[in-house]
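Asks: One-letter residues, chain by chain:
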Amino acid sequence: MTALEELTKLADTLTNPYIERWKEKGGKVIGYYCCYCPEEIIHAAGMLPYRMRATGSTSSELGDVYASSTTCTFCRHCLDQAMRGEYKFLDGLTTLHGCDHISRTFDAWRYGKVPTPYSPFYLRLLDIPFKIEALSLEWMRVQVDRFKRSLEEHFQVKITDEALRQSIKTYNEKRRLLKSLYELRKKEAPPITGAEALGIVIASTSMPVEEFNEQLKKMLDEVNGRDGFSDYSARLLLAGGELDDRAYIELIEELGGLVVTDALCVGLRQFWDLVDEDSEPIAALAKRYLERSISCPRMVDYQRRLKFISDLAKEFKVDGIIVQRLKMCDNWGCDSALIQRRSRKEGTPCLILEREYLMSAVGQMRTRVQAFLETIGR
Amino acid sequence: MTEKYQLHRGAYELLKGAEDPTMKNIAQWLGGVLSAVDEGKPVVYNQFTFWCDTMVPMGLQPLAPELWGLLPGAATSFPALDAAHDLGIPSEMCWAGRYVIGATLLDQLPPPSMMALPSYPCDNCKAAYQVIAELTGAPLYLVDCPYWVEDDEESMDYWVNQYKGLISFMEEHSGKKLDYDRLKEVAEESNRYIEYWLEGKELMRLKPLPQNGPWGSPAEILTTFGSPSATAAIKARLDALKARVANGETAVPEEKVRVVWNYLPVLWSPALFNWMAEMGAVIALAIYDWTSFEPIDTSTPESTIRGMAKRALHGYMARQGRGSSDIIIEDTLNAFEEYQADCIIVNGAFGCKWLRGSYGYLSDLCRERGIPVMMFDADIGDSRVVSDEEVKARVGEFLETVMERKKGGA
Ligand code: SF4
Ligand code: SF4
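If you read the protein sequences in the order shown, they are chains A and B. Going by our numbering, the first sequence opens with residue 1, and the numbers climb by one from there. Going by our numbering, the second sequence opens with residue 1001, and the numbers climb by one from there.
None of these hints come from the bench; they were simulated from the model. Some hints here could point you the wrong way.
Here are the simulated BS3-like pairs of lysine-lysine, each with C-alpha atoms no more than 30 Å apart in a straight line [said to hold, decoys possible]:
#  : chain 1 : residue 1 : chain 2 : residue 2
1  : B       : K1310     : B       : K1016
2  : A       : K9        : A       : K345
3  : A       : K187      : A       : K88
4  : B       : K1164     : A       : K287
5  : A       : K169      : A       : K158
6  : A       : K345      : B       : K1004
7  : A       : K345      : A       : K307
8  : B       : K1016     : B       : K1164
9  : A       : K307      : A       : K317
10 : A       : K287      : B       : K1310
11 : A       : K158      : A       : K327
12 : A       : K327      : B       : K1392
In this text the structure is predicted, and so the values were computed from the model without any measurement.
Isolated chain A (complex conformation) (with noise of 0.2 Å):
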């Protein structure tokens, strides 16, 4: 098997083999959902960060007992596995309030409503700023502070300055490496689509970090050796929320467009800004993650996201935008509409697509991206 099959197939479950050898040696898995939790602190622990998805369910309807209708159908499947013990490898799980669905499907969590292997499970909110200034990075730098702290107690472990260092050494590999794979897509020919890209990203946070630089370097290798796709009829960046199927891509690979570039939760959004090494680890940190150079909707921040944006498609040189938008997601219904409006104004088409959780609708969606590849296409 190749590397690039080897991780891109560990999007495809929700634990796998990594999990598995690392719960057989002992090691402790601390679940956590949107790109602002550090996933730093948990690895200086000497813990195994594992980023949140349903992969693999089929209804949510254990999760709507508590999750209602206008919840986003992300959080109802999350909620639904849990109640169903399906993330029974996990020791403790963190989230922010990154949004009203994942707050109120949380407390699920804190009222017992769900199974845990042991009690009391380890569960904390990050209580994370919505805003970039000074005063916020301080109050982040206090969380970021506590949720160390509050490792340490629960666990009973001692997560040191020199600890942190460390990973913070190996997640900016990480992440370097992960950039690299995306100059690759810059090429007129990229060696790898963006269905590949999304299970390499995937697989960056479902397993340790380490054996995933070293799998990631020789995938490197492989798909440098590439001819390239060439045969696109469009470059596309795809934008959203939370997208952790690959399935979804592939459908519009399938139809020529091909995702060069994206700025999605479990993409680009996940690694691009590295962590300042010299500094005091701590503050690194809250820096690095709270102000990230492109952030998540909830933020208050959507001229720099905007920007970001813009400024990629150019990079990448797209033919247009696909905004991909959970339905229900009021932090995304406004951000799409905002990036549409101003890739229009600047020149480069856009098209944002609904979706739920589990690919639906697939004929509306075929038809849809069909015509627009149709309008934009080389």
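Position chain B with the ligands relative to chain A; hints supplied.
Replies: Frame of chain A; chain B with the ligands shown alone:
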């Protein structure tokens, strides 16, 4: 050229000679907004859960856009909602955000010189105000509220510093300086207002209820709070309520069901509560009343600002929409006990994901305690989503069940 904001100008003409202090106060605000527009003075948007007590002492004209939209009746907002939809704003979003975006696009709102937006109560507001900022180019100050504020002093310090940041922001964008003597005056006037509010809230505990709820109202705190006219408005309402108590008057001839109305009234159906009253169902309190306030200590500028910031955290929806489900659940269950209610009705506003997301947990607790609870679907401002008949059918059926249960002694 036809003058802009005809509906509001008409309302102002109608209300400006009113005797009733509540109406007089609305007229004062409307007049203030219209003259600021006509004279090119700064207008500060204060999102509808953010009180105007920092703007009043600076002589800046507050404008809560959502209140502006509701004043001529929610049905007048339909073109704005359609315009927001055309921009790509999803219809599952709350009426409040969709209205403000659409009204901005249609030029139905006096444009802001700057905006003050708290990070509570929901995603809708933060998302929508960013669209408005992009559309208007007006500077936006986010008053960033910690999630579990008050757990510790550090959270409170962060929040108070946000208030100070807002003051500096308004100074910078208006060229005006905050006069601390004036701030003190406003805070003291607002203390008097709050005293009357709390006094009225206590009277609403009486059984049978002297007057149908809700007692509290956002009208003054969003428009003129801290000014004598706002205080006069609530004082007049309190005096009327006291007179009813003294005369033994009650909300309905026979109080059959006492309701804790969990949330905002249905904004497009002001007659709904009267319709319920005809069935003998009274509203002991709605979300405007679930609040407790401490008087502001005005001894120093620091204590005054701290007091204002702290008080804001207990305003309607600010209190419940700034943390976990615990707060709204506790508030609801406490209200049920303290107001000796018979049931809880949740206005399940579609756009309001944080509210609806806590309902499952609330209903579990109600079931455990044997409290009748019901949530109905509606949009808070758009009557086209779920009709009046549908809401009444659902509410009516529930009230009848509660009445039956009471009769049966359950
Ligand atoms: S997609 Fe939207 S609603 Fe869903 S978790 Fe992400 S931000 Fe929240
Ligand atoms: S009604 Fe709910 S969703 Fe709408 S603005 Fe208020 S808190 Fe937000």
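Asks: Which hints, by number, does the structure contradict?
Replies: 1, 2, 3, 8, 11
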